[in-house]
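Asks: Listed below, chain by chain, are the residues.
Protein chains: 2
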Amino acid sequence: MALYVYKFGGTSVGTVEKIQKVAAKIKRARDKGHQIVVVVSAMSGETNRLVELAQHMQLHPNEREMDVLLSTGEQVTIALLSMALEALECEARSYTGGQIKILTDDSHTKARILKIDKERLHSDLLEGKVAVVAGFQGVTNEGAITTLGRGGSDTTAVALAAALEADECHIYTDVNGVYTTDPRVEPNAQKLDKITFEEMLEMASLGSKVLQIRAVEFAGKYNVALRVLSSFEAGNGTLITYDEESNMEQPLISGIAFNRDEAKITVAGVPDRPGIASKILSPIADNNIEVDMIIQNIALEGNNANFTFTVHRNDYDNALAILENMREALGAKEIKGSNKIVKVSIIGVGMRSHAGVAKKMFTALANENINIELISTSEIKISVLVHEKYLELAVRTLHSTFELDKIKT
Amino acid sequence: MALYVYKFGGTSVGTVEKIQKVAAKIKRARDKGHQIVVVVSAMSGETNRLVELAQHMQLHPNEREMDVLLSTGEQVTIALLSMALEALECEARSYTGGQIKILTDDSHTKARILKIDKERLHSDLLEGKVAVVAGFQGVTNEGAITTLGRGGSDTTAVALAAALEADECHIYTDVNGVYTTDPRVEPNAQKLDKITFEEMLEMASLGSKVLQIRAVEFAGKYNVALRVLSSFEAGNGTLITYDEESNMEQPLISGIAFNRDEAKITVAGVPDRPGIASKILSPIADNNIEVDMIIQNIALEGNNANFTFTVHRNDYDNALAILENMREALGAKEIKGSNKIVKVSIIGVGMRSHAGVAKKMFTALANENINIELISTSEIKISVLVHEKYLELAVRTLHSTFELDKIKT
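Residue numbers (this note's numbering), protein chains in the order written: chain U, 2 to 410; chain P, 2 to 410.
Chain U on its own, in the form it takes in the complex (with noise of 0.2 angstroms):
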């Protein structure tokens, strides 16, 4: 007999019949004699239609009555969930982020977890009970209700396990697991049995939509084993834990990960002195664009440097404006960039006692004719820049150069 928390996504509630489904397989669960505990996201389509709604109201939407708006989503799906369960025999009841306390603080829209009630939630365990709670939302101390921001169902589900020392955390969604690389992009992308929480991290922050970085991000600061599966196929999925294990049979690379969504700016030419960086980058801070890499090189000639960075192509625009309007206050000689590049990494914590790996990797580029225009490393990620229009070559020959066809599932 084991505690699970189970987590649903929206696709996997997004009808009556799907809700259905997920009820089958819970109940499944619990006649094993297993606790269960589940969160559940608002029906597929149903975020979006409220809003709209709001959106209509006013123009930025007052936050904390969004939080309001929202949260009702959930709660839609806990109740007709629960409903399913009952329907089922198997004993359910309902909970808001509220009535079960997940006290959050009062960053509405975007509320971090301080604490979860786990006592009401016990009790129904001890009955019998399944609990299904409402993912994404919780309640502050005055008893106003947030929003832990899109996807924080997945956080919500890590968060109750890691308060109930759950045996395992399921989120389940519309994959099996997680892949080497998108099999979109490389059809003999494999399903990963295992994989650590600092890949899994890295994948995740590089546009693996599967799990949300703040959910792995709790999930190994608690150690909370987490496993990705499938809501509606059979499958062990992929479990995210710590690499406890001696890295004998370690594969050098987890994964290959990428992310279309890349631009790079370089400022030319600003005289080399302390304080350039700050100077460049807090005017792009100040209008809210997010900085990812950041790379500062000395120019060949004279006493100057070049500093390039990347943004969201979204904000592509407005960071080049901000730049060219303040090029002569930096004592810039020129400000360029591309919005046609994207960033491909591979990952693995195998890299760490593995020399070598990057020089496999630009040689495999190299030999495929494929132009590197910047670099960033981490400790288990080398990750580097190139032209979108390399994107599925470079994937396709970084998943072969590190033979991730060949890993067993």
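Do not rely on the hints blindly, as some may be mistaken.
[Unchecked claim] No farther apart than 30 angstroms at their CA atoms in a straight line, the calculated lysine-lysine pairs in the DSS-like style are these: (1) P/Lys102 <-> U/Lys111; (2) P/Lys116 <-> U/Lys119; (3) U/Lys102 <-> P/Lys119; (4) P/Lys119 <-> U/Lys116; (5) P/Lys360 <-> P/Lys192; (6) P/Lys22 <-> P/Lys33; (7) U/Lys22 <-> U/Lys119; (8) U/Lys22 <-> U/Lys195; (9) P/Lys280 <-> P/Lys195; (10) P/Lys116 <-> P/Lys102; (11) P/Lys337 <-> P/Lys280; (12) P/Lys192 <-> P/Lys130; (13) P/Lys22 <-> P/Lys195; (14) U/Lys111 <-> P/Lys130; (15) U/Lys334 <-> U/Lys280; (16) P/Lys195 <-> U/Lys102; (17) U/Lys102 <-> U/Lys116; (18) P/Lys361 <-> U/Lys130; (19) P/Lys102 <-> U/Lys119; (20) U/Lys22 <-> U/Lys33; (21) P/Lys111 <-> U/Lys102; (22) U/Lys26 <-> U/Lys102; (23) U/Lys116 <-> P/Lys102; (24) P/Lys361 <-> P/Lys195; (25) P/Lys390 <-> P/Lys192; (26) U/Lys102 <-> U/Lys28; (27) U/Lys102 <-> P/Lys102; (28) P/Lys26 <-> U/Lys130; (29) P/Lys26 <-> P/Lys130; (30) P/Lys361 <-> P/Lys390; (31) P/Lys334 <-> U/Lys102.
If you're looking for bench data, these hints aren't it; they were derived computationally from the structure. Just so it is clear, the structure is predicted and the values come from calculations on it, not from any experiment.
Guided by the hints, dock chain P onto chain U, whose structure is given.
Replies: Same frame as chain U, now just chain P:
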């Protein structure tokens, strides 16, 4: 400066545009310096949509979960209306039934209000904020969400008005007040400026859909001045209040009410002995059939009685079958009935102090050759059952007989 509780029903907040109009109306009142608490229902159609979803899940949806589900309807409206008010620079704050602690018993889907926490509303009002409260819902001591049953938003509004000692409670609806009778039947029907609680109760119980009986009872009990107005037309509507003045100028009759859903059943020739009424009505009650009028007469021949009662037309066949089955056990000669009858009533506190009202009513109907099938009276009401073909004629005849078309408005 006054404190008002406004209530807007589902059709008044049925679209984005209507919610914006409601917001404009509220802002005008606030700008005059009034303190405003607003109670809203779910957008029209929303409750039906949710009920339908529930019925797909479970044949008889779990009532606790039904309340979790249905309460989202009002929660959406409070958020949207608060946003619309903020867009007009009218500070607002929304509250669910749970947040404002509208404490109820735990009779899910038909809970009764026990207590209201008025502190939070008071502090909002002192800060000049409009408080926007979800109607129809409350919370138990254990934190479970409850609903008050359909039309419960009226009750929420009156309960808040009582708790806050509001100057008036305005029920905004799609009619501009209470009429002497249904204008679709009698085009000369006049809007009443004033009506007493007792009269309004009789009007409501006889099918006038303007207000819920529970809300009128509540208002009467706590002496809340209740006003029925149109959401989108100008005008002072109808004030429902105690009849504290002398009745010198009180019209004899305030209104003609009618109900088309009537059916009558007669158990003829039963032995006239104690306990017979209970013997007849017990199996009816056991089948959850509600009985309205009850009349017992001694039959002309022998020691027998005729026992007649009315039920809702939907229950007619069922009630008839039940009694037919036990005719012999009752010792009755015959069970007969009709579902082609309607009830027409004249209502007025004025009739307390005026003799001859009944005679005037019966004479007027007789002059039109309308046969009266049953009569029942209360202190401020006389009801007759007539064949349904006479409904319009009876209503118009009584309307002019009691000079209701001459009431000044």
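Asks: Take the C-alpha atoms of U/Lys22 and U/Lys195, compute the straight-line distance between them, and say whether it is at most 30 angstroms.
Replies: holds (27 angstroms)
Asks: Would you mind confirming whether the straight-line C-alpha gap from U/Lys26 to U/Lys102 stays at or under 30 angstroms?
Replies: Holds. U/Lys26 to U/Lys102 sits at ~27 angstroms (cutoff 30 angstroms).
Asks: Does the alpha-carbon distance linking P/Lys361 and P/Lys195 stay inside the 30 angstroms limit?
Replies: holds (24 angstroms)
Asks: Within a Cα-Cα threshold of 30 angstroms, do P/Lys102 and U/Lys111 meet the stated pairing?
Replies: holds (26 angstroms)
Asks: Take a quick look at whether P/Lys26 and P/Lys130 sit within 30 angstroms of each other, Cα to Cα.
Replies: holds (15 angstroms)
Asks: For the pair we were handed, U/Lys116 and P/Lys102, check the Cα-Cα distance against 30 angstroms.
Replies: holds (23 angstroms)
Asks: With the threshold set at 30 angstroms, check whether the alpha-carbon distance from P/Lys334 to U/Lys102 stays at or below it.
Replies: violated (65 angstroms)
Asks: Between P/Lys22 and P/Lys195, does the CA-CA distance stay at or below 30 angstroms?
Replies: Answer holds: P/Lys22 to P/Lys195 is near 26 angstroms, not above 30 angstroms.
Asks: Taken at face value, is the distance from the CA of U/Lys130 to the CA of P/Lys361 at most 30 angstroms?
Replies: violated (66 angstroms)
Asks: Run the distance test for U/Lys111 versus P/Lys130: straight-line Cα separation, threshold 30 angstroms.
Replies: holds (25 angstroms)
Asks: Between P/Lys390 and P/Lys192, is the straight-line Cα distance small enough, at 30 angstroms or below?
Replies: It holds: about 26 angstroms lies between the C-alpha atoms, which stays within 30 angstroms.
Asks: Take a quick look at whether U/Lys102 and P/Lys102 sit within 30 angstroms of each other, Cα to Cα.
Replies: holds (16 angstroms)
In summary, the structure is inconsistent with hints 9, 12, 16, 18, 28, 31 from the numbered list given earlier, while agreeing with the others.
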